[in-house]
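Enquirer: So you can see what is in the structure, the chains are spelled out below.
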Amino acid sequence: MSDETSDRRNGLRSTLASIGPGRGRFAIGNLLSTNSETTGMTANSGESETVGTPESEQTPAGIDSAAGDMPSSDRPLGTPRVDDAIIEARNLEVFYGDTQALHNIHMDIPEKQVTALIGPSGCGKSTFLRSINRMNDLIDVARVEGDLYFHGKNIYDEDVDPVALRRKIGMVFQKPNPFPKSIFDNVAYGLRVQGKDDNVEEQVYTALERAALLEEVEDQLDESGLDLSGGQQQRLCIARAIATDPEVILMDEPASALDPVATSKIEDLVEELAQEYTVAIVTHNMQQAARISDKTAVFLTGGHLVEFDDTNKIFENPQSDRVEDYITGKFG
Amino acid sequence: MSSESIDLSRSGNDVGSLGDRIARYAFFSCAFVTVLTTLAIILVLVNGAVGFFREATLVELLGGTLSADSAAGGLETLREGLAVQVTITEFLLGTNWSPLIEPTSYGVLPLVWGTLVVTVGSALVAIPVGTLTAIYLSEYADESVRRTLKPILEILAGIPTIVYGFFALSFITPTILQPLFPQTGTFNAASAAIVVGIMIIPMVSSLSEDAMSSVPDSLRNAAYGLGATKFEVSTQVVVPSSLSGILAAYVLALSRAIGETMAVALAMGMLPQITTNPLEEMQTMTSYMVQVGISDVSVGSIQYQSLFAVGLTLFAITFTMNVLSIWVRSQYREEYQ
Amino acid sequence: MSVDTDPEFDFSGSAIERKRLYGKLFLGLCISAAMVGIVALIALLADVLYEAWGWVTWEFLTYPPSQVPDHFIPGNYGDLDTGPAGIYPAIIGSIYLIVLTAIFTLFLGVGAAIYLEEYAPDTRLTQFIEANIANLAGVPSIVYGLLGLAMFVRALQTGASLIAGALTLTLLILPIVIVASQEALKAVPDSMRQASYGTGATKWQTIRNVVLPEAIPGIMTGIILSLSRAIGETAPILMVGAAASMFTPPQLTDPTGAFSAMPTTIFDWITLPDEAFQHVAAAGIVVLLTILLLMNATAILIRNKYDRRA
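Chains as they are written, first to last, in this note's numbering: chain A, 6 to 337; chain B, 127 to 463; chain C, 2 to 311.
What the hints contain is simulated information worked out from the structure, not anything from laboratory work. Just so it is clear, the structure is predicted and the values come from calculations on it, not from any experiment. Glycine included, each C-beta is placed from N, C-alpha and C at the ideal position. Be aware that one or more of the hints could be misleading.
[Said to hold, decoys possible] Beyond 12 angstroms from chain C on every Cβ pair, some chain A residues (computed):
| # | residue |
| --- | --- |
| 1 | Glu-98 |
| 2 | Gln-105 |
| 3 | Pro-115 |
| 4 | Lys-117 |
| 5 | Glu-150 |
| 6 | Arg-172 |
| 7 | Ala-217 |
| 8 | Glu-221 |
| 9 | Thr-333 |
[Said to hold, decoys possible] Dumping the calculated DSS-like pairs for lysine-lysine here, alpha-carbon to alpha-carbon at most 25 angstroms:
| # | chain 1 | residue 1 | chain 2 | residue 2 |
| --- | --- | --- | --- | --- |
| 10 | C | Lys-187 | C | Lys-306 |
| 11 | B | Lys-356 | C | Lys-20 |
| 12 | C | Lys-25 | B | Lys-356 |
| 13 | C | Lys-306 | B | Lys-276 |
| 14 | C | Lys-204 | A | Lys-158 |
| 15 | A | Lys-335 | A | Lys-117 |
| 16 | A | Lys-201 | C | Lys-204 |
| 17 | A | Lys-180 | C | Lys-204 |
| 18 | A | Lys-186 | C | Lys-20 |
| 19 | C | Lys-25 | B | Lys-276 |
| 20 | A | Lys-117 | A | Lys-158 |
| 21 | A | Lys-270 | A | Lys-117 |
| 22 | A | Lys-180 | C | Lys-187 |
| 23 | C | Lys-204 | A | Lys-173 |
Kindly produce the complete structure, drawing on both the sequences and the hints.
Expert: Pasting the structure below:
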């Protein structure tokens, strides 16, 4: 209770605090990498490993021609461009007050696939996720620079209403947060606020069905959402997010507060959802990312996207040594 | 890159009902009422005070000057309005307050003296009692005692001040003071100071306890580790560490005592005089205002205007103390956060 | 203890003994200080009840006051041509006053709290408004009385009316109501707001459908406690010109009419020289404290009922 009721400004303070050590680790990480590696490639690892490295070594041929809006010097390792991108981040930077939480992010999120964002805590993966549906707008001191395109439209343009955006890009949070309303009203909430309340009942049932929750709660739709177990609550939140039929669903460590059984149910559900929705999921659990995602983005060292590629490439043959260290548990 | 275009504008998505756009301004207006209240208080007091010291109030001066036929006429009105009625020196330094009875005299010092006597007297009651209660609640009392004691003190704070006035007249003076000091008058400053002191005990104790509770346990443990007793930890570690919070509580409580009206008006009498004997009748700034309030002075008379001059003095004093208290407290907040 | 006094460790050394004694004395002092408040409260209530004993009757609650003290004495009721005397018009006056004050503060106080908690950016203006509210809470109530007198009664020409009294009390308790409502809004977990924004709700939808329903019990508790302070306030309505005693209760349909309220009536009785009026005043205080007690009990009930989920 005390956590939840604490001042929101404190919450922000802890966010900022968690960024601080990340920055510190960045410096140490650089020191280690320059010490341990004898190949000349990372000798110039200042802001990012990719600075000044020859393009031909990292990026597959064919991308360069299309990447006019992606300066080569800032590009992460791997394959940051995809053909069927629904979301494209270009030179995206996020600041909390004077602290920079994201540096020069360039990456695409493909349509109707699962994209995992992984990295140590404080690396900016959640910040990136929250900048996709402009949840960062809700933090007073947060400031976003650069571009983020959704269907080719820059969502940070003046004429974009964040509420309209969030109706197309839904979100599921780290801690299950059902409203203190009935199960039915929880799922119907989004429909009602968006004015899609024609046949609410049918839509609620569909959403619960898709979230694999209907069977368990069919007889207790009038009971409070808070009476469900943690895993059920999170599936209720997923049902609430998909009830309004968004195109993209953002998930911020949706299973981190759950037990293994509930976690595996959520994982199955995520794979299921990718048939109809684009899913971007933040996780600190690398096995989870490996199991459920098609693409994986690795954030390291205080807000740098280091590598982005197909999940199997990232886990089997990462190009960055630091990503390899991270994945094999040597770092982070 | 996906080439299909998408409309994310507010109008294209029917986002934001009328309520959404109005709500922000409506709520801001509500919050702004508090600012207007402060402005209105200052305006009302200053306007009336100008009318007390000069022949016309601020509003009358402006109105008269602006509505005059010619510039010369306006100037003449202004000059007449600005004619001195009571000098500020007489008001602030005069030792005779006799606004209702001829020959009139407007020295505010007897009222300030009466206020001072009540404030100091109530501090003598509330500060030791309130502080020791706070130490007990914060350092000694277990949870169940705390849970009984605090609501009882809250009740004390919630009782209307007029009831305290009745209590002073019907109990403190006849049952306690007069048997001890036979020369005690029916109306006397001591009984007023005692009941006001009782009234502000909860304020001192709860605000001080808040300050003491926010002293981190690590400090206490450090002292215990050095072999200190609970008494030493309480008086030599906890109280000094939370001193600014405790002082802020004192200032706030005393500010409340200065502004206290009904108990004082009932218990202390209506005789403005400077005397060192607390068993005599005196008058405070607030009880003078009550006296005028229940009498039949006509609007615009100097007695009516004197309300605002005294009110402005009172407001200036309490305002200064409130700001002081907030400042002192902000000092201590920085210590532990 | 210095090292060279005694090689054997001595737990009953005189220095420690003395410390323990001080500790006990200090604790005794603290407990007696804590008792002062309790004893004062008991003495106050006992005094009021003792003076009022036998004077609070049904007739006292239902008849208008009188200048003749004998009319209040229960034993005389039967012999009176005018009927018994009581506090009825002032009870009604106080209730109407509080109802109007409640309506005004509900909108202004909750509205201001919503602005400050949910909308206000962290700017100088916001900080100024917050500091200003803290300051207003410390302005003596009689100064609000002067404000009401000059602004409502004179400038806005409301006269010494119910509406002037209610508006004055509204401004008086507004800072407390705002702060209490802000606390209630702060207690709504931020995850609830995020969940709502995440489904594409607008700010107003989020406040109306999620934040307010959660905060309302806390807000109601705060408002009722503030109103229970307002109902006992004497100085402001005295300055505004509430009548000492009226023989007919005011009409809620005519808020510009004159009125009397319990505190002003009680004040009048206390100041009357006749000994009997001391008992009448005590009876009035018993009625006032009973109403206060009922309001506080309601607030506590609301708080307990909705606090269970915590």
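Enquirer: Each of the hints needs a verdict: does it hold here or not?
Expert: Structure-based check of all given hints:
no. : hint                    : verdict
1   : Glu-98                  : holds, 22 angstroms
2   : Gln-105                 : holds, 20 angstroms
3   : Pro-115                 : holds, 22 angstroms
4   : Lys-117                 : holds, 20 angstroms
5   : Glu-150                 : holds, 20 angstroms
6   : Arg-172                 : violated, 3 angstroms
7   : Ala-217                 : holds, 19 angstroms
8   : Glu-221                 : holds, 21 angstroms
9   : Thr-333                 : holds, 34 angstroms
10  : C/Lys-187 <-> C/Lys-306 : holds, 19 angstroms
11  : B/Lys-356 <-> C/Lys-20  : holds, 10 angstroms
12  : C/Lys-25 <-> B/Lys-356  : holds, 10 angstroms
13  : C/Lys-306 <-> B/Lys-276 : holds, 20 angstroms
14  : C/Lys-204 <-> A/Lys-158 : holds, 24 angstroms
15  : A/Lys-335 <-> A/Lys-117 : violated, 33 angstroms
16  : A/Lys-201 <-> C/Lys-204 : holds, 18 angstroms
17  : A/Lys-180 <-> C/Lys-204 : holds, 22 angstroms
18  : A/Lys-186 <-> C/Lys-20  : violated, 58 angstroms
19  : C/Lys-25 <-> B/Lys-276  : holds, 23 angstroms
20  : A/Lys-117 <-> A/Lys-158 : holds, 18 angstroms
21  : A/Lys-270 <-> A/Lys-117 : holds, 20 angstroms
22  : A/Lys-180 <-> C/Lys-187 : holds, 19 angstroms
23  : C/Lys-204 <-> A/Lys-173 : holds, 17 angstroms
Of the numbered hints stated above, those contradicted by the structure are hints 6, 15 and 18, listed in ascending order.
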